[in-house]
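Those protein sequences? They're chains B, A, X and R, same order as listed. Numbering-wise (the numbering used here), the first sequence opens with residue 1 and increments by one. Numbering-wise (the numbering used here), the second sequence opens with residue 1 and increments by one. Numbering-wise (the numbering used here), the third sequence opens with residue 1 and increments by one. Numbering-wise (the numbering used here), the fourth sequence opens with residue 1 and increments by one.
Watch out, some of these pointers could steer you wrong.
Put simply, identical chains are the same to the list, so a pair is met inside one copy or across any two.
[Claimed, not checked] Think about it this way: if two alpha-carbon atoms lie no more than 16 Å apart in a straight line, the pair counts; the simulated EDC-like pairs of lysine to aspartate or glutamate are:
(1) 307 / 171
(2) 258 / 329
(3) 307 / 270
(4) 187 / 174
(5) 258 / 198
(6) 258 / 204
(7) 269 / 319
(8) 258 / 202
(9) 258 / 197
(10) 307 / 197
(11) 43 / 66
Hints were generated in silico from the structure; no laboratory data involved.
Number of protein chains: 4
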Amino acid sequence: MSGNTFGTVFKVTTWGESHGNALGVVVDGTPAGLLLDASVIQKELDRRRPGQSSASTSRNEADTVEILSGVFEGKTTGMPISMMVRNKDANSNAYDYLRTIPRPGHADMLYREKYGTRDHRGGGRSSGRETLGRVAAGAIAKHLLSCYGITVVAHVIELDGIIASEMSFSEVMDNVEKTPVRCADLKAAQRMMQAIEDACKEGDSLGGIVEVIATGVPRGLGEPVFDKLDADIAKALMSIGAVKGLEIGAGFASARMKGSQMNDPFIVKDGQITCPTNNAGGIIGGISTGLPIICRVAVKPTPSISKKQRTVNMETGQECEVQVHGRHDPTIPPRLVPVAEAMVAIVLADHMLRSGFISPSSI
Amino acid sequence: MSGNTFGTVFKVTTWGESHGNALGVVVDGTPAGLLLDASVIQKELDRRRPGQSSASTSRNEADTVEILSGVFEGKTTGMPISMMVRNKDANSNAYDYLRTIPRPGHADMLYREKYGTRDHRGGGRSSGRETLGRVAAGAIAKHLLSCYGITVVAHVIELDGIIASEMSFSEVMDNVEKTPVRCADLKAAQRMMQAIEDACKEGDSLGGIVEVIATGVPRGLGEPVFDKLDADIAKALMSIGAVKGLEIGAGFASARMKGSQMNDPFIVKDGQITCPTNNAGGIIGGISTGLPIICRVAVKPTPSISKKQRTVNMETGQECEVQVHGRHDPTIPPRLVPVAEAMVAIVLADHMLRSGFISPSSI
Amino acid sequence: MSGNTFGTVFKVTTWGESHGNALGVVVDGTPAGLLLDASVIQKELDRRRPGQSSASTSRNEADTVEILSGVFEGKTTGMPISMMVRNKDANSNAYDYLRTIPRPGHADMLYREKYGTRDHRGGGRSSGRETLGRVAAGAIAKHLLSCYGITVVAHVIELDGIIASEMSFSEVMDNVEKTPVRCADLKAAQRMMQAIEDACKEGDSLGGIVEVIATGVPRGLGEPVFDKLDADIAKALMSIGAVKGLEIGAGFASARMKGSQMNDPFIVKDGQITCPTNNAGGIIGGISTGLPIICRVAVKPTPSISKKQRTVNMETGQECEVQVHGRHDPTIPPRLVPVAEAMVAIVLADHMLRSGFISPSSI
Amino acid sequence: MSGNTFGTVFKVTTWGESHGNALGVVVDGTPAGLLLDASVIQKELDRRRPGQSSASTSRNEADTVEILSGVFEGKTTGMPISMMVRNKDANSNAYDYLRTIPRPGHADMLYREKYGTRDHRGGGRSSGRETLGRVAAGAIAKHLLSCYGITVVAHVIELDGIIASEMSFSEVMDNVEKTPVRCADLKAAQRMMQAIEDACKEGDSLGGIVEVIATGVPRGLGEPVFDKLDADIAKALMSIGAVKGLEIGAGFASARMKGSQMNDPFIVKDGQITCPTNNAGGIIGGISTGLPIICRVAVKPTPSISKKQRTVNMETGQECEVQVHGRHDPTIPPRLVPVAEAMVAIVLADHMLRSGFISPSSI
């Protein structure tokens, strides 16, 4: 049973393969009246592209989005918004060996067995290019949320064991796009870039950790007992390729804390009941507390490496070796930043609508 | 928008509050022809009960399940299976202070604000007793999966920083129920029990980590790109109260590995293509690989502690202190074991049906 | 794949068999703060019972509903509302022949083939008793809608070809419960009752037409292009046993009208834009117009008749005859009235929530 | 809450407006391995186009479909299939008056009120052009079903009160495309075409009835108690614009039949249990019986007519008159034929997958 739609009220359906004609997404559930043009989407798609960052000056016109429906005279109409990015002609022959040689760490063989046939070119549907649709939908979600004072930002906090020192939210906002690794601690960023360079030389790849922060989220998002806000965020983030773990607030560290340490006490501040600490990461009992939502995802090293790896020819059943050539990110976390933002934004937009903070037909 | 149903084909809807008339669950989507009687459910509910374990000899008749529909002459009929457990009269007055005093680490205030009113008795819907329905549904899922050679077991691998040494699957199966802490490393279990005793004396609570293992899962479960098997497991586990993080396979450790270390190579064994390692935790690209599925959840310390904590009276707006008295688990991981098993089993049953490994109407 | 849940925000899940332990329903999505007690439900269940009507004075305690969850101190809490009706011990042996002899017009053989096994007693899940859960859920929907000025009422407008003359809405409200046939035209009602008596004598059964009217429905309910209000009403009504057709507004008569006759012109009345006619039946383009919603369902004659019918023994494969004895309604339309009201009310409650006319968490 | 997706396993999401950049559909849930190219889709889209029929020789290249994803080397891959049709530049200014003048029988004002803003050009989303996506998706469904021996065909059986005489299934198959009115009774077809001509002269429009027949449907499709096959067909057909009623089998006529007339008796034929009659229309208790599925929809006359009609200027609130000029079908039933086939095929494909008759990942 198909699984290419995410969300309940803010519904996102992505489609497309790495080397097919195009990739895209249909977003159903955006209220009417939201100012929207392609530049809002393009900005995020540009962040998603290889080696991009606001610091980078290089501009090319690849991955240009076209809005096909749901927007009229500069405003959303409440109808489904269809967006598409054409694939440029690529040298698909470079992937011919993938028909029979499964790459370790990839789902090549699993797709082949599950579906009998598959588009092997560039990983087909399981390629990272599929996230184009997520980022385009996320751009609408982020734009919608911004009208309600909600900001979603992600940044790399660890790469190859290099841990960034803690940064304030404003520092994160200021610095995240300053380096290609998207680490707000610029000193750590330098070391991370060096580690990436070294890994490339070895033909190997690196993993890391990405943190996602959402501020301005009102109290009361989340639908117990199954559609809890953290449960939906967990699914959204784990559905991104290469993510092997996630945590909210104190996360795994909470497993070693005492209740008296973990519990965020209640105090009165400016006449409001709030907490001086945020070990909960902005979510308790599956409902947002009004404090920033903080979650972290563990990203495995890029499975495609040029180092020799053991594998098996699916036709002959003979063991052999494979070297994955062609352009591959030596590490995924920096590129995962806009995708993680997109997925969290989609979940928040969905729950803002579900909880009635955003009216369904027209803002 | 309501969120009390989980699953797409194997649909689980739980209902009930801690001190209401009853708690229960409706399971829709179990194929006809499965041998089933109340004892299958009761066995798991007994494991869920306070201070239970197969080692414990004490038997009392609390939390007795009644199957109300969907079973005829000892077999499922394919119709919804409704199950109910009556609540025994409890001293609800003991919770009167909860009407106005939110407990740190609990969702008391959030429910009050979101819904305007709430059943505060014993935490109402947000009580751990809600898991009764999950465990009853999970018992059916586990029973159904067992007909297809799939076993799901969970155990405590860390508590208060005490780390169990790695155990073989058979050791886990043999030992998990031997101690109340449900840790298969019996030496570590002793230390954990001591830690729990100490925490009780201090009026404090402890966190820990629970590992869930599923064996016999066929290749090919999981529906890219959003309903990936790991994404659905992530939602299922994160929807359990007190869970603040989860990981699959190498999980967060993979963030510090190189691609050449993380990738599980392919080899030929007994004429089958498989992997000598399982860093992926049995799932790649969101699809099961045929190797055991291994995931771990971080469980925060019980928020209810008898130690004094700072809070605020929601009526008067005055800061005050609260001590949460009455019976509370000093630590949650041992009790979470059957619940985590249930949720993973529910996800696997759902995907076995979605992928066509189990036929929808009749087994 | 299971199909026992109806609705998207106001979610109704029914369960139970005719001769099982109990029947019931879980209603998920009722906002918190609605005054509710069992009498609200019982009133509708009493209308559903055989030979009941507000005119009838006979009161017996059969089909007594118990609210098991979701209500606290007389108000809904926003949590799932579970309701149950115990089945009285019935003489199930009377149905033993159904194990092998399929009744014409019934799904006996289809259930047997689809599910391999089935609860044959009294029709099991396919019995009219299943509507108990629908009516209980509908009672909550009607009660919720009444807070927003919406009334849903159904009445029999044709039986065995006897056509009731048109009645005003107030006449319908006044008269519908005055006779057991629930026809507001009391003269026609007398003739209908005579027809029923005659049919009983012949051991035969009668069909008819039920009209459902909903007043006070605001403009703007319905979600194009698939979840149109009339599309959801069509599914809701067609999901009731014995319904073989339905129409909205002019319905089938519109097939013979010219556009200039069918179109409801727009006029200004009391400063509002409205229509002097309602051929549309209150829905255009799948969206409510603010005028009364009017739909009619065609109800086939009761398939269970004591007249001899041709059938086939499923075990032996031999043709034979069957006479369906025991208590059967000679005609269904009068009993379908509360069920049709319930289903339309459930759809309207769902769309009131979907469209934001009712806030999701708390009214 | 958005409603542009239909189906549970075979999921269809349509998008696009009459005068936007393009219209299209994403079909998620088609198993891998189905031979498919654009010609399969184009054939059905050509049938949908104005004034087309297999008899008509005129061929123009309007409404050319492009398959954007989900097909590789001539076969489906199990991934979402995205299809698009570009809109040709149209004279949108012709519709400027629609900004303020609602057309009787249209949802213009309702969209404006519900969404605040709308694309008024050519009816925007509520235009009949939206059915392009349905027909494209239906073409895949029909193609998939044909692999399992299932045929879905629709034809006009009544127009402006002219009733076609009953035709055999083969006559319907042979004749339906022989005339533009798609009536298999060629004599009646001539009279219908004359009636259409007359209506055009008067600047008026006509309604009619379309019958949909599905043969080769196996026993056992349909998921009680809500997702019954007839309930899902009812929703599918009622979601088509201009449909005001529908019936299955004997339909409304059954309301005037006795049980002894309506019930289809069981007999043995060629060693199989079947029925000599099909008053049920191929569905009993919501489950397919194996006999042909027969349903009819009542189609109202085209609301757009050039005759003067009363309406109100939404800006000024003044009553006025409107004449809807431009190209309009004088009657909808002939054009509804491929759309009705598409919707029934989509429901059948969905239920073939839900019931396990078609395996979900690969055929």
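Check the structure against each numbered hint from earlier and tell me which ones fail, lowest number first. 1, 3
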